[in-house]
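Trainee: If you want the building blocks of each chain, they are given just below.
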Amino acid sequence: MPKIPGLFKGLGVTLGTMSRTVTEGANTVQYPHEKETPPIRARGVIALHEGNCTSCMLCARSCPDWCIYIEGHKELAPPRRAGGKPRQVNKLDRFDIDYALCMYCGICVEVCPFDALFWSPEYEYSEPRIADLLHDKAKLGEWMQTVPEAPELEAGADRKGKK
Amino acid sequence: MTMLTDRQQLSYIAAQAADARVNLELETEGMTLNIGPQHPATHGTLRIIARLDGEQVVWAEPSCGYMHRGYEKLTEVRTFPQVTALVNRIDWLGSFANEVPFILAAEKLMGIEAPARAQHIRTILFELSRIANVSLFLGDLGVQLGAITPVFMAFRDREYVLNLIEGATGGRFHPNFDRIGGLKDDLPAGWIDETRNVMKKLRRFCDEIEDLLFGNEIFQSRTRGIGVIPRDVAMQYGLSGANLRASGVDWDLRRDQSLPMAWNKADWKVWTHNDGDSFARCWVRLQEVRESTKIVDQLIETIPAGPVMTKVPRIIKVPEGEAWVATENPLGEMGYYVVSKGDLGPFRVKIRSASFNNMSITPWLLKGVYVPDIITILASLYFILGDIDR
Amino acid sequence: MSMVSVLAVDLPYWAQSLLRVLGGLVAVLLPAGTIVYVFLFKMMSFMQSRLGPMEAGPYGSMQLFAEVGKWLQKEDIYPERADKFIFKLAPLIVLASTFLLVAVVPFGPDAWFTNFEAGIFYALAVSSVSVLGILIAGWASANKYSLLGGLRAAGQLIAYELPMVLAVIGVVIQAGSMNLQDIVLAQNAGSIFGWDGLGNPYVLTQFVGFIIFMIAVQAELTQAPFDMPIAESELVSGYMTEYSGFRFLIFFIGEFATAGVFAMIASILFLGGWGVPFAWFGWTDMDSVDNWMNIVGPLILFTKMMLVVFVVMWVRFSYPRFREDQLQRFAWKVLIPISLVNIMVTAILKVAF
Amino acid sequence: MARAPNGEVFPLSATETDTPVVVDEVRNAVVTRFSSALGDAVVDSFVKPGDDVWIRVRTDSWRRAGEAARELGFAYFDFLSAIDWMPSPFGRGEDDPTEPAPERDTTIRQGYAGGDTRMQVLARVVDLTTSLGVNLKVDVADDAPVIDSWVSVYAGANWHEREAWEMFGIRFAGHPDPRNMYLPTDFEGHPLRKDFPLLARIVKPWPGIVDVEPMPGGGSDDEAGE
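For the record, the sequence lines run as chains A, B, C and D.
Numbered per my numbering, the first sequence finishes at 163, counting up by one with no gaps.
Numbered per my numbering, the second sequence finishes at 1390, counting up by one with no gaps.
Numbered per my numbering, the third sequence finishes at 2353, counting up by one with no gaps.
Numbered per my numbering, the fourth sequence finishes at 3226, counting up by one with no gaps.
Subject to a maximum C-alpha distance of 25 Å in a straight line, what follows is the list of computed SDA-like cross-link-like pairs (lysine to any residue):
{"#": "1", "chain 1": "B", "residue 1": "K1201", "chain 2": "A", "residue 2": "E154"}
{"#": "2", "chain 1": "B", "residue 1": "K1200", "chain 2": "A", "residue 2": "E154"}
{"#": "3", "chain 1": "B", "residue 1": "K1201", "chain 2": "B", "residue 2": "P1188"}
{"#": "4", "chain 1": "B", "residue 1": "K1341", "chain 2": "D", "residue 2": "A3101"}
{"#": "5", "chain 1": "B", "residue 1": "K1200", "chain 2": "B", "residue 2": "F1173"}
{"#": "6", "chain 1": "A", "residue 1": "K137", "chain 2": "D", "residue 2": "I3209"}
{"#": "7", "chain 1": "A", "residue 1": "K137", "chain 2": "A", "residue 2": "C102"}
{"#": "8", "chain 1": "C", "residue 1": "K2144", "chain 2": "B", "residue 2": "G1044"}
Just so you know, these hints were derived from the structure itself, not from any lab.
Could you put together the complete structure from these sequences and hints?
Mentor: If you want it as structure tokens, here you go:
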């Protein structure tokens, strides 16, 4: 035989939530009309700063999923100082990330020694076909504009040794 | 008369036999019910083959493997940092907690320890992932038992915790934030204040769930006395976490082993229950969420200053040896037996996941219960499919 | 509707029949649609800290039409091994019982489809037909989950028809009639110990009967905590598992139309139906009721219905589900004895006063 | 360009030898208790002070070891699994498919508490009152990988042994239900054996294998970048 209080308390919780929703508004947002801003560190998509990339292959080799494809060739660049020898630089031909395979682990961003890869909180890049998720360096470069500044750290943090 | 075809003849004979049997005795025929692989109560693709007599289960057995991803094999072709990204997909609701024991095992083999600040933040994030995980359990419990509202409350309040995890680590579900020797980064500014607020919300959520669900007499009549696991059986099957504590075994790896983590710096309590039934398991989890909010509340006030990363080589090679590290994860004891041969990657990783052991008791437990009780028991044992199949 | 003759418009028989059919459709579909929008879409969402459908129409009010459109477009699928004729028949039976049920509901002093003496008796009998539809739906689907759901529904019917009938008997004894119109009259023209400010709504004098009736209605409508025949988390919608497209739509309409009609019957039996306390306007019997009540009466009944459905849905969104055997035990060991005692007490008091 | 700069000195691996030898009385006592309970069935043991205990028992006394563990108070069954000590002939799947497969050292070297065979079964049991765990190891014969089942000792070993059977091909004599745990019934091979190739890493060439194309006119290609 059920006791009344427990059953009534449950009714009270739902009624309370209903009145809160009516007076204070819902906890959800109407997505296409209003958007929540993801946190600064959010790992939405990997953006590429092409100028910094030396096609050193470190990211492609440390990727657990083998989803980064890099091709490059060497060419001569004008010397830095006048009268110097022409430099040999690596020119990036192809930098593709297959987001259908990517696990968003961030290892590539971390290992990049030349600050060419960044996380952007951008998340609206779904595609109807899985093959379309392979993005080339032009697309990755566009996302560079959405990369935020790194956030301030909490008190007591030691910034030493971090890039 | 035309000749009957073989098929007709066979069906005629079968019909005769069936009639004869009904006439002989009013025996009911059993029925095999496949619960899953696609079923709302199986959190993924678990399949339970149940032999029913009416609504009563004669025997039932889970059939796993619909989501087996072979993580133990995959770890063998990956380096240690890469494995971290892999293992936080085992229990995808409390993923940060999956990284910690693996990282601790690697650190143990290398003979290093994370700095105090990193240990502290690790513990906070660990408890946050427990809250995120178990609060969803509390909501999901309602759905399994037919109440639809709790799950929305759980999703609502879990969202705050996920935002915290994402704010600190960048990943909502798969943080991949733990590194051998410390953490990837320090906490962003303002994070601690926000955590304080969220913990208040989570405690209110616990109260709401207690009023809405645990106090409800219907809920109690559905869960009390259902799926009782005695103490000895629980230990034999290697149950862990709340399932073990609900059977009266006072065992919590956070308290009972010394790990380089900060649990011993907070004041909290290990809850146990003596009944061993579904209600006890759910109740213990509810209390654990409350304890976790307390732990987080205390730890965020006392984070020591300093670096979050100790000095480790860029290319991590783990010296030869074997190490076993287990932690008290949201689902129970999660352990990694890591064998290293001094290479870039582990030689063999045995992943001892909590749900695998927790579910291995189900053939024993599901005998003689009713169909709705299967759902109750599965819900109260609380498995995550990735944690069974790995 | 008989409103036709009340408004002194003389119509030929076919026109009157047409009007009655249209009125019946309105009386079934309008409450169903309102209930789905107000309670299923909005109230449930608000109870869960969300807004519910917002895109179709202002505040999502056209969502139901969008849903109906979606269901009508869907392919009509039935399982290969299903008993196809029965499989297709089952939703119609469920819906038909709702239409049969609404036939005896009085909406005003003269606004009724039929007004016959054994009204409540007929209503309780006809309401059981829907469970027949559910049972054969479960059987014909050739699906084990559906079968379990159908059988659970049958068990539930047997268990809960009885307390419902017994709870109604208290009302019948007090009103002295099985005619729903007379029951409304008896409540609104009556008085509690000589005080007629509220009439005599039986929710006060038959409180125990009201509670039992509401519990039985909850079970009859298969709403949580008595939704075992559907039981999404166990039986994956039970007897409805294999239905899709417009057949599912018919089940869906049937579910909420029945909820509306049962709520109407509950408000007629216990809340005074379409009437207001007659003492407010100095009416004494049915003939003295003003004609405008034929317009206002349906609105009053509709309001009371919404109140009752609110309680039904509130409970549905808050409670977990019983187990089948617990439900049976609850019906046979708790509800039926209490309702029998209720009948006895009512009869004794009826004789005493 | 070197694929991985291996020149770095590992600074931390040496620390262990510098620390003074710690004697772990509690864990040594565990080994002693097992030795006295099992007699000469304990082949080898290893204690890492302050960390863990490894005990290797004889193949024919595996079930007796389990029973002894239960009698000694190790009532909590943690896990049971196996280890294939042969290094993988496939490496990490990062070979260049255009070149002949490199020779790999497949010498079998067992871990703690030694071993004589390629496969070892490993189980861990815990005494919940003292929070001490024991890793029990046992050799499994290479030609006939059969070992006693622990189901009658620890009921929870049931699923673990089924997993070990399908993943390593080790038969557990006396197991009540030796079916596959995860894999389909007709699956061939034992995936966690090291000689079972991980096809995902073989069918696709490693993207990291390509290197930056050298200058068309030849020249040095030893260093990439600035």
